[in-house]
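Protein chains: 2
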Amino acid sequence: MAILVVGSVAFDNVETPHGKVDNCLGGAATYFALAASYFAPVRVIAVVGEDFTAEHEAVLTRRGVDTLGLEHAPGRSFHWSGSYLKNLNEAQTLNTELNVFERFAPRIPAEYLDSEYLFLANIDPVLQARVRSQMQKAKMVCGDTMNYWIRDHAANLAVVLRELDALLINDTEARMLANEPNLVRAAEKVIAMGPKSLVVKHGEYGATSFFGQHSFNGRPHLTTPFRAPALPLTDVVDPTGAGDSFAGGFYGYIASQPALTPAVFKAAMFYGGVMGSFAVERFGTERLQSLTREEIDQRFATFRELSHLE
Amino acid sequence: MAILVVGSVAFDNVETPHGKVDNCLGGAATYFALAASYFAPVRVIAVVGEDFTAEHEAVLTRRGVDTLGLEHAPGRSFHWSGSYLKNLNEAQTLNTELNVFERFAPRIPAEYLDSEYLFLANIDPVLQARVRSQMQKAKMVCGDTMNYWIRDHAANLAVVLRELDALLINDTEARMLANEPNLVRAAEKVIAMGPKSLVVKHGEYGATSFFGQHSFNGRPHLTTPFRAPALPLTDVVDPTGAGDSFAGGFYGYIASQPALTPAVFKAAMFYGGVMGSFAVERFGTERLQSLTREEIDQRFATFRELSHLE
Numbered sequence: 002m003a004i005l006v007v008g009s010v011a012f013d014n015v016e017t018p019h020g021k022v023d024n025c026l027g028g029a030a031t032y033f034a035l036a037a038s039y040f041a042p043v044r045v046i047a048v049v050g051e052d053f054t055a056e057h058e059a060v061l062t063r064r065g066v067d068t069l070g071l072e073h074a075p076g077r078s079f080h081w082s083g084s085y086l087k088n089l090n091e092a093q094t095l096n097t098e099l100n101v102f103e104r105f106a107p108r109i110p111a112e113y114l115d116s117e118y119l120f121l122a123n124i125d126p127v128l129q130a131r132v133r134s135q136m137q138k139a140k141m142v143c144g145d146t147m148n149y150w151i152r153d154h155a156a157n158l159a160v161v162l163r164e165l166d167a168l169l170i171n172d173t174e175a176r177m178l179a180n181e182p183n184l185v186r187a188a189e190k191v192i193a194m195g196p197k198s199l200v201v202k203h204g205e206y207g208a209t210s211f212f213g214q215h216s217f218n219g220r221p222h223l224t225t226p227f228r229a230p231a232l233p234l235t236d237v238v239d240p241t242g243a244g245d246s247f248a249g250g251f252y253g254y255i256a257s258q259p260a261l262t263p264a265v266f267k268a269a270m271f272y273g274g275v276m277g278s279f280a281v282e283r284f285g286t287e288r289l290q291s292l293t294r295e296e297i298d299q300r301f302a303t304f305r306e307l308s309h310l311e
Numbered sequence: 002m003a004i005l006v007v008g009s010v011a012f013d014n015v016e017t018p019h020g021k022v023d024n025c026l027g028g029a030a031t032y033f034a035l036a037a038s039y040f041a042p043v044r045v046i047a048v049v050g051e052d053f054t055a056e057h058e059a060v061l062t063r064r065g066v067d068t069l070g071l072e073h074a075p076g077r078s079f080h081w082s083g084s085y086l087k088n089l090n091e092a093q094t095l096n097t098e099l100n101v102f103e104r105f106a107p108r109i110p111a112e113y114l115d116s117e118y119l120f121l122a123n124i125d126p127v128l129q130a131r132v133r134s135q136m137q138k139a140k141m142v143c144g145d146t147m148n149y150w151i152r153d154h155a156a157n158l159a160v161v162l163r164e165l166d167a168l169l170i171n172d173t174e175a176r177m178l179a180n181e182p183n184l185v186r187a188a189e190k191v192i193a194m195g196p197k198s199l200v201v202k203h204g205e206y207g208a209t210s211f212f213g214q215h216s217f218n219g220r221p222h223l224t225t226p227f228r229a230p231a232l233p234l235t236d237v238v239d240p241t242g243a244g245d246s247f248a249g250g251f252y253g254y255i256a257s258q259p260a261l262t263p264a265v266f267k268a269a270m271f272y273g274g275v276m277g278s279f280a281v282e283r284f285g286t287e288r289l290q291s292l293t294r295e296e297i298d299q300r301f302a303t304f305r306e307l308s309h310l311e
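So the sequence lines, in the order shown, correspond to chains A and B.
All residue numbers for the first sequence refer to this note's numbering, where the first residue is 2 and numbers rise by one.
All residue numbers for the second sequence refer to this note's numbering, where the first residue is 2 and numbers rise by one.
Quick caveat, the hints were computed from the structure, so don't treat them as lab data.
The beta-carbon is built from N, C-alpha and C at its ideal position, and this holds for glycine as well.
Careful, some of the hints might be misleading.
Unchecked claim - Derived CB-CB ranges, DEER-like: (1) A:His309 <-> B:His73: 44 to 54 Å; (2) B:Ala264 <-> A:Arg104: 37 to 47 Å; (3) B:Ala155 <-> A:Pro182: 50 to 60 Å; (4) B:Ser134 <-> A:Thr225: 46 to 56 Å; (5) B:Asp236 <-> A:Thr54: 28 to 38 Å.
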């Protein structure tokens, strides 16, 4: 039931209406791993630079995340600067320094090869495909991508899409990938590209999952869309990592269950929303570092009530 | 259990990616009345011009809508032209001709004074307040407004807001009314202006209701927000009137029930979404003219399934 995530570990400079932080530990793999760690064992493959200290690594290991696959390279870690001052729903990227990430060549420790759940976070689809081909024992493969790969690396991305049980992207990315403004038609076109299911994240409005004709390993699955709400929040301190935290909660819950039934998929959509809602309550990964399972289950109950008819 | 709606009856020219229609019967009161007519008796107060024929009136009366309050004035009816070519979620107004609507002075027939449910559709808040003050037997009052009244007629609108059990507006209007980008804080500020509850419509993402400290006529009420989903639709042919149809389904269902319990309010949010989803399937009010209660309840079941955890 271990989840292997391959993706970025980064340092972020973020400004939002609530303030500003510099060199805050971030990156898709970090948010995903912390969120998933409350549900299942998590293993990380990523590259970091000399600015990534033992204290940074402890943020992951304190949550039980296996960092054997964390490659330490000479130079600086990936740095990202973004602002949410204009729009809390979409980051404005101010600066990106790939640094050690530029030559990232994921190496999979032998100890990781038995991971049953593989998450390909948003990185070059060539690397996503390479990792996927080496993980022959993975019984479920999910992934993320972004506008840059959709627009300029479509052929490489197509290879990855054919391998996915679930693709998790946001509205804009889904519409861009399908070149279709209507979300339902876009989902049909994306699923025709290969993924067995598509989870479209709507930020403050929740997420919707769409399903193709192909089942997950012969298990029963849904055919109609499913929509999970998001909690209306008084304070969105920092939206960074909300989508990756959603993916971590979603996939972590699935990995914690004996089988992927429709009921499990639906509950996983809710747990995704739950972890996303925690992530945005503080800057960076702060809130994801010290949750309890009780807090998570209380919020799950709140999410359930939010749209539940008697 | 009769609902009285005061608002606009209009002719619309609408263009969407699915085509173009001219002089299509529309207006907030029309959409509201047709949607509500599947649940409760509806009475309309509005003004129309000489271009409004017996056939137009029959669209309402065939659905059992009482048109005694429909004033026929010399001149042309209110005409609106809008385009959804750039954005299906927000109409671009190309032209507005108020015509007979410019001097609309709602007159309430004596036969309407016993209406228990009053809906103040989007018209000048001075007229909304005047109607409300004459309807002393109304046990529930709901209303709508728009950016123009919020921005330029705030003092008049404030009078109306104090009278409302529920204000139904969209995200942009709620944020504008409260001058606050965060939706939860905006809702708190709007409720502090007087409405006992606020229903914020999110278009394709559903709707969220927020509640104040004051109860509805001493009945039990909700204190935490409630979110109803919207159905992901393959074809949104014409979004015009979706919000008014939501209001009609929402309020019609409430008026059909013996008491306004939290369970009724929640189900009403779902019925609002159901009627909105039908409205957008065809140009104008076409789809709302010939539904069956069975189709409505089938779709209600679909909405329920859409976000329902086992």
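Each hint, compared with the structure:
1. Between histidine 309 of chain A and histidine 73 of chain B the Cβ separation comes to about 47 Å, which falls inside the hinted range of 44 to 54 Å.
2. In this structure, alanine 264 of chain B and arginine 104 of chain A break the distance hint of 37 to 47 Å, their C-beta atoms being roughly 59 Å apart.
3. A C-beta distance of roughly 35 Å is found between alanine 155 of chain B and proline 182 of chain A, which places it outside the suggested range of 50 to 60 Å.
4. In this structure, serine 134 of chain B and threonine 225 of chain A meet the distance hint of 46 to 56 Å, their C-beta atoms being roughly 47 Å apart.
5. The hint said 28 to 38 Å for the Cβ distance between aspartate 236 of chain B and threonine 54 of chain A, and at roughly 55 Å that hint is violated.
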